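Chemist: Starting from the two chains in their separate frames, assemble the complex, guided by the hints.
Protein chains in written order, with our numbering: chain A, 1 to 319; chain B, 1 to 548.
Since the hints were derived computationally from the structure, they do not count as laboratory data.
Please note that the accuracy of each hint is not assured.
[To be verified] Calculated pairs, DSS-like style, for lysine-lysine (alpha carbon to alpha carbon, straight line, at most 25 angstroms): (1) B/K52 / A/K186; (2) A/K286 / B/K52; (3) A/K87 / A/K56.
[As the list claims (entries may be wrong)] Using C-beta positions, here's what the derived DEER-type ranges look like: (4) B/T471 / A/G55: 40 to 48 angstroms; (5) A/D134 / B/T177: 31 to 39 angstroms; (6) A/D142 / B/T473: 55 to 63 angstroms; (7) B/I371 / A/S287: 31 to 39 angstroms; (8) B/V186 / A/E84: 46 to 54 angstroms; (9) A/S287 / B/Y14: 38 to 46 angstroms; (10) B/Y410 / A/D179: 54 to 62 angstroms; (11) A/S287 / B/H343: 33 to 41 angstroms.
As the structure is a computational prediction, the values presented were derived from the model and not from experiment.
Using N, Cα and C, we set each Cβ at its ideal position, and we do this for glycine too.
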Amino acid sequence: MKLMKITKIALLAATSLMFMHAQADYPDKPIGVMVAYGPGGATDFQARIATLASGKEALIGQPIYILNKPGAGGRTGWNWFASEAPKDGSMLAAYNVPHFIAQSIVFDTAYNINTLEPLGNWGADPAVLIVGKDSPFNTVADLLAHADANPGAVTISGAGKFVGHHIAFLQFAKASGRDLTYIPAKGGVDALRLVKAGEVSAGFNNLSDSARSAADLKILAVADLTRHAYLPDVPTLMESGVDVDDSSVNFRGLMVPAGTPQDVIDFLASKTPDMFNDKKTQGKMKSTNSPARVMTRDEVIVMWNERQAYLTDLLSGLQ
Amino acid sequence: MEFLDYFSNVFTVYHIALLVGGTFAGIILGALPGLSPTMSVALLIPFTFHMKPESGLILLGAMYTATVAGGAISAILVNVPGAPANIATAMDGHQMAKKGLSREALHYCFISSFVGGIFGVFILIFFTPPLARLSLEFGTTELFWIAILGITIIATIDSKSVVKGLLSGLLGLMLATIGDNPVLGVERFVFTDHLEGGVNIVVGLIGLFAMPQVLNLMEKYYSEKSAVLSTEGHSSLMQSFRFVFSKVKALSIGSFIGSLVGIIPGAGGQIAGLVAYDQTKKVSKNQSNYGKGEPEGIIAAESANNSMVGPSLIPLLTLSIPGSPTAAVLLGGLLIHGIFPGHEIFVSENTAPVVWTFIDSLILAQIFMLIIGLFLSRHSGWIMKVPDNYMAVSILVLAVFGTYSIGNSYSDVIIMVVLGTIMFFASKAGFSAVPVVLGIILGPIAENNFLLGKLIGGARYGDDWMIYFTTGTINVTLIVICIASITYGLYSNRKSKKKKDEAKSFDNLTNRSSKDDLEEHGRTIGIELDKRKSKKSLLKELKDFVKK
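Extracted from the complex, chain B is given alone in its bound form (with noise of 0.2 angstroms):
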């Protein structure tokens, strides 16, 4: 119960001050594209520099805390994930607010991350030792399955087709090969030098969702009258905490989850809210609303990420190992202020203080994010109401700066507009963004630890070094999971693909088929169409022939 005993050294004005002042720049920050959580925290660093040590770590706490939370806004408000974090908040957000109950949504992304962040935070106050052990349990090739895991979703996490999914999953797995190989010590397909630096993950993220909901907005504003959203009949904070409160299965899901991702050195909130949101999905009731505006959804995913948030320091504190890509930054954070991490971190005289107040801190940042976010949710309905043209406008500039800004390069700015150009046109097509950008987060995980792997096993077993891939508890534990994982994506597939054929209705089949499908349709009704004409007519003329 050490805890209890620094608590007190938050409660000083000036540190209440940081807190609320992070929290509130850090939610703000956090909805920008491009200053990703590791983006903010990195920046702040400098900041932090002629700090006392504790104020400087709260701050930066705060801001880790605060910008994770805050990336659902524009994830859930214009269907931008602020970070890779909130690409699963996007799925189900967008589409709430899309009718008109994007306060609702606001709400269940704030509590419920509220919710995991505490959970996380305790995991990380009782149960340090423990689990810094486990942590180093998840070594290369654990992390190998654990990608391979993520890319048993992709097929199916945001797709209407399996065959569009995988065929987007394995761009994205294709455009993670460019630039250099830390491991092979090579470069690879970089044609011009704007690929030298690769595609990084979040420029691939904001080219691939904020460009397309540009176009899409100014398509909108040149062809029809945006439709008007009503805001009108909000249900209460009350019926919010409700709701959520209600939502165990999801919630416990998420924060479970969030924990186990957050401890495993090189996964972070990307990989934590993707898999949540695929396994709550899996044994939710309501299956087919997922990706139509599904609250739980939100709930998993937005819990899922903000719980990784403490144990993600847990082998940072104790191992000098971070457990997510934020934490990793956050090392140097500690490092400036002469905190080194150790066993002895929770114990030493000189570190003891100063990082349980942190850690105090924190429980303190996930309550100051609640209250803010929940006081911000309110005038979401204002942004919600921001005429097409002006909010299309508004998000290229802050892609193109938030692009910018990631690594002061030009390139970057370049990659990010083509790959968006082409996603829209690809949207149009039936393609989703979601698992491209899986395949970008994914693909150099896999590989770069299949190929340590591969090296490593090759030194221990010579030829056969498969087998240290295949032996370990949890080596064995993921790939029964992996296998669970594409058993029953194939199996639901096959489930959904039964129905659907049964309900083959004419309006399934008009709204997405090509003009051969047209033709086919029609002969089976008795009807001859002419090809040449346009996709519009021929359902036209299918139409009057079903009237008739």
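Bound conformation, chain A alone (with noise of 0.2 angstroms):
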């Protein structure tokens, strides 16, 4: 009996210690982040190199790795992490702002704001408008006049329905009073080739891929705050008169599911910041033209905030 007794303690102490050697260990393996989108795109690649340092003592001290759950623009793969994934750290993902929050208006989700916890911002990539190379307009005002003469002739292409570009869409066809054709294709590099061909007007499209087909492109305008250091001489659509902010900037950052143990969480915001900051994956953001711009959790937290009561007023007016 008294044997027993001891075991029953030993086992008792022997489990609580490993549980708080779990909870003080917090990362104790390498650690997961899910992209909701395929293998080679723009955010799978940047997650990866944004992630770069995490092996390191002083940051997050666990190599990471990627899971890619692609399908229906994004949705299969929030839809799980939001419902199904662990909620111990030990898997994390990448968000696209405006991207989660608009389709979490539009439909029924798992995901909200709400359901998720922001880590902290990597990168941030403006929505351009761009025209062809041979197109006869140079600035919004061209584009603006010839669809004053032509009324719904205008086509912008973009990469689907509820995305960055087609938030730009929307802002640039409410704020100008035109009526404009919105042209979701599949994806963004698809959107680009429409443009192009010249078979659409114009596009609103990322600005890093806009900057890197310049030669094959007029960029018009930069749907942002301020001008862009990759593209000095291109003015804002501010600046263009057509008043549209940032909303359609495609932010991308690392987030939990809610229902983490808050620790959890303050550790890794208080982590994420640095990684993204690493002279290397900085380096490396810079040599892939990926537009970086590194924010902590709680800069995160208001621009969701933000997002969702913009997109909500913007969106309604749609459907």
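Modeler: Dropping the structure here:
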């Protein structure tokens, strides 16, 4: 009897020790990052670059691996993440704003800003307004003048519906008051092709991809609050006289599902900005033309809330 | 002749090792269902992260080349195409293997892949500037018509019955509408959460080919002793070479169509292989042998899907527009190494050495693919001798893992198993998997481009948006080819039906006919049958009556 009691106590002590150990020692194994898009895409390879330094002792101290769960414009992966992913910090995910927020407003999804907790932001890729190299339009004013003469005939491509490009288009059409037609292509690359081939009058596309294709395109304006370092000569839409803010900027960062222990969230949130700011990581971001913008958890929470309020308003007029 | 200047860069021990290793691994990965060229290249990109740009690209190029060819191995040996590009190969390749000619089939496959592949790379080297402009001409409406052209093939490609072919194709088109539509921004037919991501092409491919094969093998194992295949009396390698090079027509049609499809953005190896197969069949003298083990079919399909590789890089490297789904993934591989596509990529000091070394390595990759492929062919007989029960289990395991790996999703596995089980029973009723997969592949291309074309046409021409689809040289040409394809299909169908009617022998009827047909036949020869009896006994009654 005595022996059993001792064994019981010993077992209890051991398990509680192990439990404490697990809490104190987090992270004790490699951490996953779910990417809701396929391997090789911009979000995928930026996530790989952004998390390169995670293994350093001063940072997270464990290597990070990528788990791709593509499908339905990201909804498959994010739905899985919000409803089924472990809530112990062993599985993080990459977010794309405004995509996931817009989707959570339009569709019936398991995720929204309340079921997810941001950790930090690594990149911001604004949408730019582009036309083909041989296009007669050289400024936003040219394009709008054409739209005045031909209502509905100006076509603007973007990467599908309820993504940054679509948001930029909706803002642009609303602020300019013109009758424009949105052409939702299957992905950003295809949307870019429509512009280069002259099938559409103009397009909203990623700043990074458009800046690379400068020889085949004319970039008329940036949909952001300020000009971008990659394109110092290109004005913002506001400078061009159309009141469009930075709501369409494609922000990328890391998050965990709501319900993750607060100390795990605090630990990760304190380390992620430093991980993104790692020298080698930033060098790689630059050499791959991926616009970086590191933000802390608190800054991201503010940004998410702003987007939620603004997009709810913008998209409600649409349905 | 710039490409000659950089050839020496490829010949370092490290790069040759990468080429050999990448090619060998690529052939094996390509043969596994699920690890399509697109998937394999995508998975490899993170590994090239820390390599020098040219080394990374050499590895990716070798992988792209080898996986496209490797998919033919499983297509031929077990009737499970390793990737959508090898669907056409399976139709005749597996029939040849069943006759004990698996080694020959693999020889033809790798030799014609090599010929097509080299042709494609030379197109890339010498004709990039004019073809880059041409590739931009293939826009929304052109792609729509190409998809329609593919759909005109559906009815006749692998079915004895046009009606069954059309029904299967229709089912494929309907399956393709499940899930998210990016153009409309809506979800359709998502009855359960499992269907949210839709039916992925490769998931459909594995389900429709691998699962029925698993069930067939198990059925065979439990019902009869599997026939021992003869692997004796092989023709030599030289004979295989001579044979392939005697099929100039199939080789040139395959290489030409493959290259053309390569430069068209949004079309890929699957379309190259099927269109080349269909065209070669239409101009062939031994048309009736297609689908029963016709070597020309393999030669056309494999030269086409490998010749697609080089040209698919033309719009990618110059315009940042991928010519195939795999090239789309390769774009990510270029970008992470800071190689930005553009017209100056071939001349700029920073990128020219990397890009030319990469292109040169593609030539070597074709050569290694040939050597390693032929070497592996020697051992193909071994796979054909694996007992059915072991084979069934192996395919099942690979199918499940392959499906899961596509999107790390159990839903895909469920879709795969359900589709496959239905297909197994449908194949008993004479339906074929090929038109269903064609429907899944072509449906989204046709639908999305139609919707986009209608939007753009509507903005340009208002209610007369149809004009957008019917003007332009390429559109008109494609419409004419579509009409020709349908007309020819009807004509040859009629011809073969006539032939059939004339030779309507007893055997012809009994093999694939319903009880009603048997009853009718019985009446014409003067015997009343009782339909309540089993088909087998009805057949026996008929047979006995005829004997009398």
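Chemist: None of the hints should be skipped; say for each whether it holds.
Modeler: Going down the list of hints, with the structure as the test:
Between B/K52 and A/K186, the direct Cα distance comes to roughly 32 angstroms. Violation of the 25 angstroms bound is thereby established for this hinted pair. Among the hinted pairs, A/K286 with B/K52 is consistent with the structure: their alpha-carbon atoms are about 17 angstroms apart, no more than 25 angstroms. For the hint pairing A/K87 with A/K56, the CA-to-CA distance comes to about 23 angstroms; that is within 25 angstroms, so the pair holds. Distance hint check: the CB atoms of B/T471 and A/G55 are about 58 angstroms apart, inconsistent with the given range 40 to 48 angstroms.
A hinted range of 31 to 39 angstroms holds for the C-beta pair A/D134 and B/T177, which are about 36 angstroms apart. For A/D142 and B/T473, the Cβ-Cβ distance of about 30 angstroms falls outside the hinted range of 55 to 63 angstroms, so the restraint is violated. Separation of B/I371 from A/S287 is about 36 angstroms and conforms to the stated range, judged on CB atoms against 31 to 39 angstroms. At about 24 angstroms, the beta-carbon gap between B/V186 and A/E84 misses the expected band of 46 to 54 angstroms.
For A/S287 and B/Y14, the Cβ-Cβ distance of about 22 angstroms falls outside the hinted range of 38 to 46 angstroms, so the restraint is violated. For B/Y410 and A/D179, the Cβ-Cβ distance of about 46 angstroms falls outside the hinted range of 54 to 62 angstroms, so the restraint is violated. Taking the beta carbon of each, A/S287 and B/H343 are about 21 angstroms apart, not inside 33 to 41 angstroms as hinted.
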